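Trainee: Letter by letter, the chains look like this.
4 protein chains.
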Amino acid sequence: MIRNNKLKIVNDPIYGFITIPSELVYNLIEHPYFQRLRRISQMGMSYLVYPGAHHTRFHHALGAMFLMQRAVQVLRSKGVEISEIEAQDLYIAILLHDIGHGPFSHALENSIVEGISHEELSLLFMNLLNEEFNGKLEGAIKIFKKECPRKFMHQLVSGQLDMDRLDYLRRDSFYTGVTEGNVSSQRLIAMLDVHNDSLVVEEKGIYSVEKFIVARRFMYWQVYLHKTSLAAEQLVLGVLKRAKDLSLKGEKLPASAALSYFLNKIVHKADFSSETLAVFARLDDVDVLAALKAWEYHNDVVLSQISKMLLHRKLLKVKISNQPFSEEKLKEKRVAFMVKHNLSLEEASYFVFTGEISNQAYRMDKENIFLLKKNGKLKDVAKASDQLNIEALSKTVVKHYLCYPKLE
Amino acid sequence: MIRNNKLKIVNDPIYGFITIPSELVYNLIEHPYFQRLRRISQMGMSYLVYPGAHHTRFHHALGAMFLMQRAVQVLRSKGVEISEIEAQDLYIAILLHDIGHGPFSHALENSIVEGISHEELSLLFMNLLNEEFNGKLEGAIKIFKKECPRKFMHQLVSGQLDMDRLDYLRRDSFYTGVTEGNVSSQRLIAMLDVHNDSLVVEEKGIYSVEKFIVARRFMYWQVYLHKTSLAAEQLVLGVLKRAKDLSLKGEKLPASAALSYFLNKIVHKADFSSETLAVFARLDDVDVLAALKAWEYHNDVVLSQISKMLLHRKLLKVKISNQPFSEEKLKEKRVAFMVKHNLSLEEASYFVFTGEISNQAYRMDKENIFLLKKNGKLKDVAKASDQLNIEALSKTVVKHYLCYPKLE
Amino acid sequence: MIRNNKLKIVNDPIYGFITIPSELVYNLIEHPYFQRLRRISQMGMSYLVYPGAHHTRFHHALGAMFLMQRAVQVLRSKGVEISEIEAQDLYIAILLHDIGHGPFSHALENSIVEGISHEELSLLFMNLLNEEFNGKLEGAIKIFKKECPRKFMHQLVSGQLDMDRLDYLRRDSFYTGVTEGNVSSQRLIAMLDVHNDSLVVEEKGIYSVEKFIVARRFMYWQVYLHKTSLAAEQLVLGVLKRAKDLSLKGEKLPASAALSYFLNKIVHKADFSSETLAVFARLDDVDVLAALKAWEYHNDVVLSQISKMLLHRKLLKVKISNQPFSEEKLKEKRVAFMVKHNLSLEEASYFVFTGEISNQAYRMDKENIFLLKKNGKLKDVAKASDQLNIEALSKTVVKHYLCYPKLE
Amino acid sequence: MIRNNKLKIVNDPIYGFITIPSELVYNLIEHPYFQRLRRISQMGMSYLVYPGAHHTRFHHALGAMFLMQRAVQVLRSKGVEISEIEAQDLYIAILLHDIGHGPFSHALENSIVEGISHEELSLLFMNLLNEEFNGKLEGAIKIFKKECPRKFMHQLVSGQLDMDRLDYLRRDSFYTGVTEGNVSSQRLIAMLDVHNDSLVVEEKGIYSVEKFIVARRFMYWQVYLHKTSLAAEQLVLGVLKRAKDLSLKGEKLPASAALSYFLNKIVHKADFSSETLAVFARLDDVDVLAALKAWEYHNDVVLSQISKMLLHRKLLKVKISNQPFSEEKLKEKRVAFMVKHNLSLEEASYFVFTGEISNQAYRMDKENIFLLKKNGKLKDVAKASDQLNIEALSKTVVKHYLCYPKLE
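In order, the protein sequence lines correspond to chains A, B, C and D.
Just so we're aligned, residue 1 is where the first sequence starts under the numbering used here, counting upward by one.
Just so we're aligned, residue 1 is where the second sequence starts under the numbering used here, counting upward by one.
Just so we're aligned, residue 1 is where the third sequence starts under the numbering used here, counting upward by one.
Just so we're aligned, residue 1 is where the fourth sequence starts under the numbering used here, counting upward by one.
Hints were generated in silico from the structure; no laboratory data involved.
In this text the structure is predicted, and so the values were computed from the model without any measurement.
The reader is advised that the hints may include incorrect statements.
Stated by the list, open to error - Here are the simulated lysine-lysine pairs, BS3-like style, with alpha carbons at most 30 Å apart:
#1 D:K78 with C:K374
#2 C:K146 with C:K136
#3 A:K374 with B:K406
#4 A:K8 with C:K379
#5 B:K377 with A:K395
#6 D:K78 with C:K317
#7 A:K244 with D:K308
#8 A:K374 with B:K395
#9 D:K78 with B:K78
Said to hold, decoys possible - Here are some of the chain B residues that sit facing chain D, going by a computed Cβ distance under 8 Å:
#10 F17
#11 I189
#12 A190
#13 P254
#14 S256
Glycine is no exception: its CB is placed at the ideal position from the N, C-alpha and C atoms.
Same shape as in the complex, but just chain A (with noise of 0.2 Å):
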């Protein structure tokens, strides 16, 4: 326990105060790569619908942390043996989860980087900490990568209750002021036990794993696939495309150093040396941001108009729809509007688009949720539920988007 730190404790207006449990968790956070999180927007555009919603990953990161050191104590009190060294791998397992996000992730994965995840780059960066920290990470990347014998540690890393969505579900629904999604994290926890080694629900917890699912499922389709961020993500993967297209053409973009990095090479997984992480370090959201500004004014028209849109949030209009829109339509809506302003159909792509989206609200797999009921059987939560049907709630729900520009 490092006394005399300043940072020792933070304020967090969810969970009133966050406590750093110890000098090498502290000293993760202090390093530049966490810090780089201050700077990575939690929801990406969302803040263009809700604009409370600033928050960052930094923050989000510190409080699932939180969250785990709860859950420690609670298993604990129920006589199950954590040592002090494997409740450390689990603050920094959790702590670390998302550190391989870059900015405006998902548009990122699939635009600037190719074939990695999010989650892979994460593992890349704890190698390259537990290098630097002289194997201390060693027991944290183990219950990341599932290979910690204690199947439940990785369960409360990444799961279907994990302490990642406990605290996004809640900080989201905090910042956005969606109280609909207001996970009671505390209580939820409460009930949380390990039976062979795995995480389970007490009993009694039933209707509060269905209000979660419930409300998991409400965020998804309110605030995480909201018409109008919808938009603006597809909008930043579409100006992040193009700018690539643009660059590997020999154009010179006004960006910074390790931005054009990523935008003058194709990048895939295997390319992933540490030179080229240690530039991909250095990218967050501002670099996106200034590139918006600086394109603003570019000559090329899909580049500057995408970003005057996102910029001034003059975004394009989405329709939802159960089916596929039809090529014949989304044809239409392209040849109009390349018509209309002197483009080419190539161009008109970048305005016009359709996708589909999805959600699976509860997954059926090996890592269902169980109860533990009082006789010490397990019971899959999906059979439990006298009604809520999570059977259904465990299908995939695609709906399809088309994405065109307001009529002017």
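With the hints as your guide, set chains B, C and D onto chain A.
Mentor: Frame of chain A; chains B, C and D shown alone:
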């Protein structure tokens, strides 16, 4: 508007401030019949489980009126014409909708009086007040009786999304600290509209309605039908029945004048003259609690034991099952208790008994909740939900319970 | 730790969950003397002004115990050694600190019993419980009586920053909806430390302490000494005095056995035998309210009128002044009332009376709050404040009131 | 009223929903000048201390407008006549009151531009928008410039109890999690009235006003002038000064076009042509943060070091004192640092420096807060307080600070 009155604004921990909208409403609140509700707990004996749950029907009625003011504001902003008089009728109807509740209401309806519901009693009170206020409650009474030509008005007072529910779910959630029941009343009200004189919800409100239905279901099983509250409520019912039996046999039990009146004669619906109503209006929680405190020392063992159990929170054990408990099991437990405490079988049946509880999260009947689509068509919320399966939620869930004393 | 007990966790709307720390504490909570506190309102008649204020001394005592658990945790983390036994003593001392409260406490102390404070009664109860629990309350009693060798322990139970105040200010603020009284208990507790066995506050806590003192002052003048509550409390005092006078003169008033006991004899401190205490332990708000309901129909006009006023909220008007009201003015109003209602002057004095209220936001005496500076020195908070002028706040403010009936 | 617009209601975590009151207001919000405020943090670098404090001036401006709507509603209900046009003028005046803020505002005012305050810049923007919107902002501008005949209107926008303060104190408290700064805006607004065209507070609001003044003082010393934020703000100021010095000497620093414009020439108030303003309007937090990210790798050690410190949160140590720090002490620390890092004394002065901070919780001048007594007379709040000693709070408190690097 009464400008100089002290009570024109009331502090409310949930909504901030509640404003009394007119002098007539103010005078109704000041009336002893309404002030009586200050002494009737909203949640009966639930405070034995949730120590914060001491809020009253008085407070709930004010809260529901506050929400009605919001609803009128929202509907008017959407072009629904509601005159000043109609608005006041709505405020009065919701304010007085529960005025017929007696102490520990449901217990009472099945022991002290017979064949009359609290809604019928509310109507009796409203008629009395209407006379006293020179017919100014006509409109409110019509709404309450469903005789108002504008259907949505009745639905705002009594329907699946009425202001009563929107307040009590939120208020009970607030005072018990069971956050899962917290309903975003404001958001739901903001999405209300009127179509063909019926109350509807804007299409985008689908997730909020779902959330509301699940929250309601949660509160039922977790709070209102909580095992311990259930046992306490049954004990109140039992002790009152016993007291009435003894009284009718000529035993003179200590009790307030008003309570004695109802213990000493059988009162059916038809017996509710204005005199009887005036006596009923003097009954509240204090009468019952004071009686329990006196009966604790009575020589009838059933009376004294149950009183003691309720006052000192030595409640019964409760088992819940999806199947009814067998007659044999019940009898076996009764006999064991009877023998041990030297009671008659009839006396033992006050301590060992079974029953059933049921809840239906969403009622599928003429009063379904309808969504108003952008194209102006209506869609039943049960059909609109992608996968929550509201139809399933409309099945009535029945559970059985067995109560019996703890082993000593 | 009792693992299988239902009540080991209690829902609390303010702190989330309150955990019962040990079996002994659990058994004390289960004791009828403590359960009685469920029927004693924390704020007396204040619900006539703030309809949410129906919380009880039972709930407050649990809340204060919760804060004590936090304080122990914080102090231990700063190196203050507190044994398991000492911690339990602290929990018990704070849990039982208010167990001697009677119904509408302050009214009672000046009417029904004489010369004995609720603190003295609490001690009597603790001694009784200590016997029943085989001396296990010795430590708690020592702390309560200030005989514990470690001064800070007593200060945590009773001092300017004790857990009692930190809970009741927050709780009363929560239930009344008067947010200005909301004290950040968690932040204040996080800044506690122990120096030379005395409770101190870390230097950087200066603004929080100031905020606490101002919040406390706010609650006094805005809530606890609210004109309407004041009038109500004086009326309770008056009606009990009248009832006692009549009883001592031989009039037989309807009242519960326990209340009759105290109405029919003068009980001084010296009279508090364990028998008397046992009768006192049967008194709670229900006895007084039930009496009011019976007295409403009594033929003594003072008794019946005041009862009616309290039950139907037809309270007195109140004027507040910095100067005492003149004897002439008082007499004039009394005479007018006497004549109008055909009363004696003595009877009129129950309806027209004056008195004074006072509050001292910060007490300057041996028990000042001290800040612990980084250099290890102490500084009186009254001296440390740049300009809030805590010294001024330590002056006792006295105000005078005149109560009289509304003109009819 | 625009009925079909998506943005007519905005979610706000604090007030629930904010309604856009008119089409003109809506169009102003949509304007790029206003959208720019989405990229200007309300609390500058404070998020380095309070990780939740990422809310923007955009959100604050909407919040202040919401409170203005409430204030108009309250005043009208008390008989103050406010026409629809006047109400809209008030909404626009408060909405745009901060539109002239640049990135990290206070730093900017003292480095990039000279002799012009953000209020003056706000006025320049308003004039520009007034032209664009055909003179419809005349009324708002008059209020802002204090030229409106009705004094209270200006006071609602800029005074000791204006909607600006009532929102930012509450909002900053909310997002930092420092609950002591939480101001009950709703209660304060409910007590506003107008007397002789001046804004006054009802007499019974005295404690709320006191509470507000203390909360404001608390936020200053605990949050706005927090040592770490202070050091960060001074470092931003330093790095911008350094950049400007280097630029004026001919060094070509990486920076956005807009930032370069201001780095490469001295801009006084008189220089603010509409062209200059247009460039200023392109500046926001992104420009400064992007510059820091580029300068981190610059070969000027001052530029690169400070950038690194700000980005990776390796801030200076800060000492606070009631007395100024001596020149000797300052020089001594500077020399030590200069020698150790092989810098010039001038360069060292960017890392070791002193300054002063001051705050005045209540301003005693013509703009005092007045209470309206029941007899219609006014009373200065500073005189009305029994003992809080608001006069003392009106003294300006000055503190001195010394910043210097941590020992390595």
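Trainee: It remains to establish, for every hint, whether it holds in the given structure.
Mentor: Now the hints, each set against the structure:
1. D:K78 with C:K374: Not OK: D:K78 and C:K374 at ~52 Å, beyond 30 Å, violated.
2. C:K146 with C:K136: The hint holds at about 17 Å.
3. A:K374 with B:K406: Holds, at about 18 Å.
4. A:K8 with C:K379: Holds. A:K8 to C:K379 sits at ~25 Å (cutoff 30 Å).
5. B:K377 with A:K395: Holds: B:K377 and A:K395 sit about 27 Å apart, inside 30 Å.
6. D:K78 with C:K317: Distance ~23 Å between D:K78 and C:K317 Cα, so the pair holds.
7. A:K244 with D:K308: 28 Å, holds
8. A:K374 with B:K395: Holds. A:K374 to B:K395 sits at ~27 Å (cutoff 30 Å).
9. D:K78 with B:K78: 27 Å, holds
10. F17: At 6 Å from the nearest chain D Cβ, B:F17 passes the 8 Å test, so the hint holds.
11. I189: 10 Å, violated
12. A190: Holds, about 6 Å.
13. P254: 45 Å, violated
14. S256: Violated, about 39 Å.
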